[in-house]
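Given these sequences and hints, build the entire structure.
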Amino acid sequence: MKTITFNQQILTPSKIVCIGRNYVEHIKELDNETPDSMVIFNKPNSAISDSLYYFSENTRFEGEICFLIKNKRIAGISFGLDLTKADIQNKMKAKGLPWERAKAFDYSAVFGAFVPFDGDITGLKLELYINDKRVQFANYDLMIYKPKEMLTEIQSFMQLEDHDIIMSGTPKGVGNYKVGDLFVGKIYCHDRLLVESSWPVLASTRSHR
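In case it helps, my numbering puts the sequence shown at residues 1325 to 1533.
Any given hint could turn out to be false.
With a straight-line cut-off of 30 Å between C-alpha atoms, the simulated DSS-like cross-links for lysine-lysine are [stated by the list, open to error]:
id, residue 1, residue 2
1, Lys1396, Lys1339
2, Lys1419, Lys1510
3, Lys1326, Lys1339
4, Lys1502, Lys1396
5, Lys1326, Lys1472
Keep in mind that the hints were calculated from the coordinates and are not lab data.
Below, the structure is given as structure tokens:
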């Protein structure tokens, strides 16, 4: 089973619950329809990775504010990358089929360390840099669905176990990447840096495809 680190502990999430289409500008950049309810999908434990691998020229990065759950509440926070095989996802969407082949593949949920968080959730913001250039920015105000709404909606039909992770959606600025790129993700509360994670993009081996 794959693990994550939280407050210097090693934990094993049972699943990752992902919120899709949660930022208006991201919906526009991919020319998607604005949903009339929260878009929710899961990634399995096997998707977790602490390294960022290159899969193909059609694999897209999506930076996200990620929440660690304990006792059905937010206990921790980290920066995460939701990797998407965009060509496969487009085919699945066109046929009205599920997204697992494009979203839930091994090593498709990249996380830095999680840190405890019980502060002002309205002050959260995200920045993603690739090769020292800022490519994504998000904050609480830009979210269509706020974290408390996510918790309520998810738990209306699905049990959240201790150490499960919620990926809260990605803002505009998603794109492809290549071997040798350097990703640096930062989460702030107001102007205070909560956590920073970095990943050099590694060449994929057969076991990571």
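Right, here's what the structure says about each hint:
1. Pair hint Lys1396 plus Lys1339 holds up; C-alpha atoms about 14 Å apart against a cutoff of 30 Å.
2. For the hint linking Lys1419 to Lys1510, the alpha-carbon distance of about 36 Å lies beyond 30 Å, and the restraint is violated.
3. Between the alpha carbons of Lys1326 and Lys1339 the distance comes to roughly 10 Å, so the proposed pair stays at or under 30 Å and holds.
4. For the hint linking Lys1502 to Lys1396, the alpha-carbon distance of about 37 Å lies beyond 30 Å, and the restraint is violated.
5. With a C-alpha separation of about 27 Å, the suggested pairing of Lys1326 with Lys1472 holds against the 30 Å cut-off.
Hints 2 and 4 from the list above are not met by this structure, while the remaining hints are.
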